[in-house]
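Protein chains: 2
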Amino acid sequence: MYTLNPPTRILMGPGPSDVHPQVLKAMATPLIGHLDPKFLEIMNEVMDLLRATFQTDNKLTVAMSGTGSAGMETVFVNLVEPGDKVVIGVNGLFGERMVDVAERCGAEVIRVEAPWGEIIEPDAIEKVLKANTNIKLVAIVHAETSTGALQPLAEISRVVHEHEALFVVDAVTSLGGIEVGIDKHQVDACYSGTQKCISAPPGLSPVTFSPRALAVMSKRKSKVQSWYLDLSMIQNYWGKERFYHHTAPITMSYAIREALRLVVQEEGLQQTFKRHWTLGQSLQKGLVAMGLTLHVKEGQRLPQLTSVLIPEGVDDLAVRKSLLEQFGLEIGGGLGQLKGKVWRIGLMGHSCQPRNVVLFLTALEQLLTLQGAKIERGAAVAAAMKAMGQEEASILPKV
Amino acid sequence: MYTLNPPTRILMGPGPSDVHPQVLKAMATPLIGHLDPKFLEIMNEVMDLLRATFQTDNKLTVAMSGTGSAGMETVFVNLVEPGDKVVIGVNGLFGERMVDVAERCGAEVIRVEAPWGEIIEPDAIEKVLKANTNIKLVAIVHAETSTGALQPLAEISRVVHEHEALFVVDAVTSLGGIEVGIDKHQVDACYSGTQKCISAPPGLSPVTFSPRALAVMSKRKSKVQSWYLDLSMIQNYWGKERFYHHTAPITMSYAIREALRLVVQEEGLQQTFKRHWTLGQSLQKGLVAMGLTLHVKEGQRLPQLTSVLIPEGVDDLAVRKSLLEQFGLEIGGGLGQLKGKVWRIGLMGHSCQPRNVVLFLTALEQLLTLQGAKIERGAAVAAAMKAMGQEEASILPKV
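Going down the list, the protein sequences come from chains A and B.
First residue of the first sequence: 1, per the numbering used here; consecutive thereafter.
First residue of the second sequence: 400, per the numbering used here; consecutive thereafter.
Just so you know, these hints were derived from the structure itself, not from any lab.
Among the hints, erroneous ones may be present.
Claimed, not checked - Okay, derived cross-link-like pairs now, DSSO-like style, lysine-lysine, Cα gap no bigger than 30 Å in a straight line: (1) Lys-437/B to Lys-526/B; (2) Lys-223/A to Lys-136/A; (3) Lys-720/B to Lys-639/B; (4) Lys-136/A to Lys-221/A; (5) Lys-321/A to Lys-424/B; (6) Lys-437/B to Lys-321/A; (7) Lys-136/A to Lys-622/B; (8) Lys-738/B to Lys-240/A; (9) Lys-223/A to Lys-618/B; (10) Lys-620/B to Lys-221/A; (11) Lys-620/B to Lys-240/A; (12) Lys-223/A to Lys-738/B; (13) Lys-240/A to Lys-720/B; (14) Lys-424/B to Lys-25/A; (15) Lys-720/B to Lys-223/A; (16) Lys-740/B to Lys-38/A; (17) Lys-240/A to Lys-85/A; (18) Lys-773/B to Lys-696/B; (19) Lys-458/B to Lys-25/A; (20) Lys-59/A to Lys-223/A; (21) Lys-673/B to Lys-458/B; (22) Lys-341/A to Lys-785/B; (23) Lys-620/B to Lys-673/B; (24) Lys-622/B to Lys-223/A.
What the hints assert, rightly or not - From chain A, some residues computed to sit far from chain B (all C-beta separations above 10 Å): (25) Gln-22; (26) Ser-69; (27) Asp-84; (28) Glu-108; (29) Glu-155; (30) Glu-162; (31) Asp-183; (32) Gln-186; (33) Ser-232; (34) Ala-248; (35) Gln-271; (36) Gln-337; (37) Leu-359; (38) Leu-368; (39) Gly-372; (40) Ala-379.
A virtual CB, placed ideally from N, CA and C, is assigned to each residue, including glycine.
Based on the sequences and whatever the hints tell you, model everything.
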């Protein structure tokens, strides 16, 4: 077996995204111990940077030692006790996953459903909250990675708090790409991942909990069913006490610190959002100009993840294989009920660059033409450039 | 906030250990996707290398996406159902932790205790197995990181299988440092960490399950309480089906592949064991020659982790602080009931080098002399060198 030598990809799938060279360099840094005074400083810095990215003052804002799904499990095992009633918005795979996770915690789950690709309407949530008593929490997915739908938070938050439930948000694919606004939207518990718009490798899950959520946790009658994810112990390691719980993933902590520093301090959160917004629009206008149909309707689309219908007669796997092998471009296929029906194209974090939009549209146009699909040739890149604020035959904007 | 620039340490605590430069370099490799055909190859390579290190043919031999404690939880959530009777050997902190984890799974735990620093006797296990029916599993810690005791496996395994229970072993600190011998010792479930003798950063937990354990899992009546650690799904991602479960920690997978390649293919498992054994002996003889007392009795000591009593009147924290600040050397303090009573000195993986033994003994001698401790001066390094097979004033052995 030889030394590792993987191919060089451009990651435009639903995550992981390309990792910035500065973050890769940070990961080659020799380790210090997980109780070293300097590492405790680094943990403090990570907490500060996470608070800035989550847009919150929540004290309990830490990175869990697992991928985004471990963050989902963290929220449910710590907030839910057997028999609790919870409402979950299901409009994609990750809503489904929340139901599964919550049920394993003994929750009685009330589903509020919408077709995959649409959003959950506040009215539907309100109806359930009015028809039931003692709902402990309401959970929705901010950015459905399986569909590309962008769920508005403000109105649902208002309804949830009116009924004195906790508001839980899955921000795995939104954090760092669009505004999450934890405090502004009065989100009580939120989890995310590192491998989407933050552009660190997968392996940590940022979470944040409001004082309301902490109060609920402190009144638990039963032990948290997961030792590994039990925040009553973990907050003592991240807090002043610094009690050893488990060995923190040192190198991943280096990575998230550097990745967040690039987002919050070097580029700035608002500029990062603007870049995602502009290039997401650009990609979407390019795809439409090519004659393709986007799966999510206008006004509800994520900029950082676009789902587009695979034109009739086109071989899903063959196109993705060619993109990967001939262009080194990774995009995502459909998940669950969208398998074989859509492609999912990510423009997340360091992958979100003008040249990637241009290369992808050009490559896709070539491959669809080869497959005999009826598309508009030559229009996509021009439309995309225009949406970036550039004329055709001009140069790409600086990033 | 500036770019990351932590101090350069020599990690001689209970883990993490120093990471080999080749592994650090591997972690700076740009990412590929978690469903990329090349990444699936890397996963296969990791499984092969793990099987070689665990010394097993077990098909289900994978790296869980969390640190060693997540591996512990993986074993218990997948094997235990509410009401199951399990026997756990408790002779240190990690035995205690297993009890806590098992109880959170609804297990009825029967403890078999020994003083911290001693081993669990097979007779004590046998007595419990004879006195109880329907014991589902017996779990012990192979290398107690909190005490430095080395638990023999063979005789307990025989007793456990005679009573038709599963044999579970915590190999967090043993894997890659001493023989674990999963197949030889008929271990049914075993978990480990990456940051000890394998010398990758913390962040993954290698686990392996025997066909007997798989059969027990396949007969579960209840869902595994953790979605994140549910092997019924995870084995479909690592297996031929390649079903997406959660996003694998790509960079940590690069790290474990390279770290295991260094152990299994470059140095060789037997030579690695020999290096740990020789240098562990060397350190222990050096400490004794200095006049210090080891916490674990001879014949039951781990080579890769040595616990030594802090001499009377010596300031625990002051010595560790000076080791860290003046020499860049990290060692561990005592945990739980051994807090303030012992130091724990690791010689694990890439940290297990002759020059580290010599530097540590020399530094400790200086600091204990400063503190007015009654020690034998000048004897430690000579004794340590002799145990390496070298005469005093000779050169260090090549590693």
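To see whether the hints hold, each was checked on the structure:
no.: 1; hint: Lys-437/B to Lys-526/B; verdict: 51 Å, violated
no.: 2; hint: Lys-223/A to Lys-136/A; verdict: 17 Å, holds
no.: 3; hint: Lys-720/B to Lys-639/B; verdict: 51 Å, violated
no.: 4; hint: Lys-136/A to Lys-221/A; verdict: 14 Å, holds
no.: 5; hint: Lys-321/A to Lys-424/B; verdict: 29 Å, holds
no.: 6; hint: Lys-437/B to Lys-321/A; verdict: 12 Å, holds
no.: 7; hint: Lys-136/A to Lys-622/B; verdict: 23 Å, holds
no.: 8; hint: Lys-738/B to Lys-240/A; verdict: 19 Å, holds
no.: 9; hint: Lys-223/A to Lys-618/B; verdict: 27 Å, holds
no.: 10; hint: Lys-620/B to Lys-221/A; verdict: 26 Å, holds
no.: 11; hint: Lys-620/B to Lys-240/A; verdict: 43 Å, violated
no.: 12; hint: Lys-223/A to Lys-738/B; verdict: 26 Å, holds
no.: 13; hint: Lys-240/A to Lys-720/B; verdict: 19 Å, holds
no.: 14; hint: Lys-424/B to Lys-25/A; verdict: 9 Å, holds
no.: 15; hint: Lys-720/B to Lys-223/A; verdict: 36 Å, violated
no.: 16; hint: Lys-740/B to Lys-38/A; verdict: 25 Å, holds
no.: 17; hint: Lys-240/A to Lys-85/A; verdict: 34 Å, violated
no.: 18; hint: Lys-773/B to Lys-696/B; verdict: 22 Å, holds
no.: 19; hint: Lys-458/B to Lys-25/A; verdict: 35 Å, violated
no.: 20; hint: Lys-59/A to Lys-223/A; verdict: 22 Å, holds
no.: 21; hint: Lys-673/B to Lys-458/B; verdict: 28 Å, holds
no.: 22; hint: Lys-341/A to Lys-785/B; verdict: 70 Å, violated
no.: 23; hint: Lys-620/B to Lys-673/B; verdict: 45 Å, violated
no.: 24; hint: Lys-622/B to Lys-223/A; verdict: 19 Å, holds
no.: 25; hint: Gln-22; verdict: 7 Å, violated
no.: 26; hint: Ser-69; verdict: 4 Å, violated
no.: 27; hint: Asp-84; verdict: 15 Å, holds
no.: 28; hint: Glu-108; verdict: 15 Å, holds
no.: 29; hint: Glu-155; verdict: 29 Å, holds
no.: 30; hint: Glu-162; verdict: 30 Å, holds
no.: 31; hint: Asp-183; verdict: 22 Å, holds
no.: 32; hint: Gln-186; verdict: 27 Å, holds
no.: 33; hint: Ser-232; verdict: 12 Å, holds
no.: 34; hint: Ala-248; verdict: 7 Å, violated
no.: 35; hint: Gln-271; verdict: 17 Å, holds
no.: 36; hint: Gln-337; verdict: 14 Å, holds
no.: 37; hint: Leu-359; verdict: 16 Å, holds
no.: 38; hint: Leu-368; verdict: 22 Å, holds
no.: 39; hint: Gly-372; verdict: 26 Å, holds
no.: 40; hint: Ala-379; verdict: 29 Å, holds
In the structure shown, a violation is registered for the earlier hints numbered 1, 3, 11, 15, 17, 19, 22, 23, 25, 26, 34, in ascending order.
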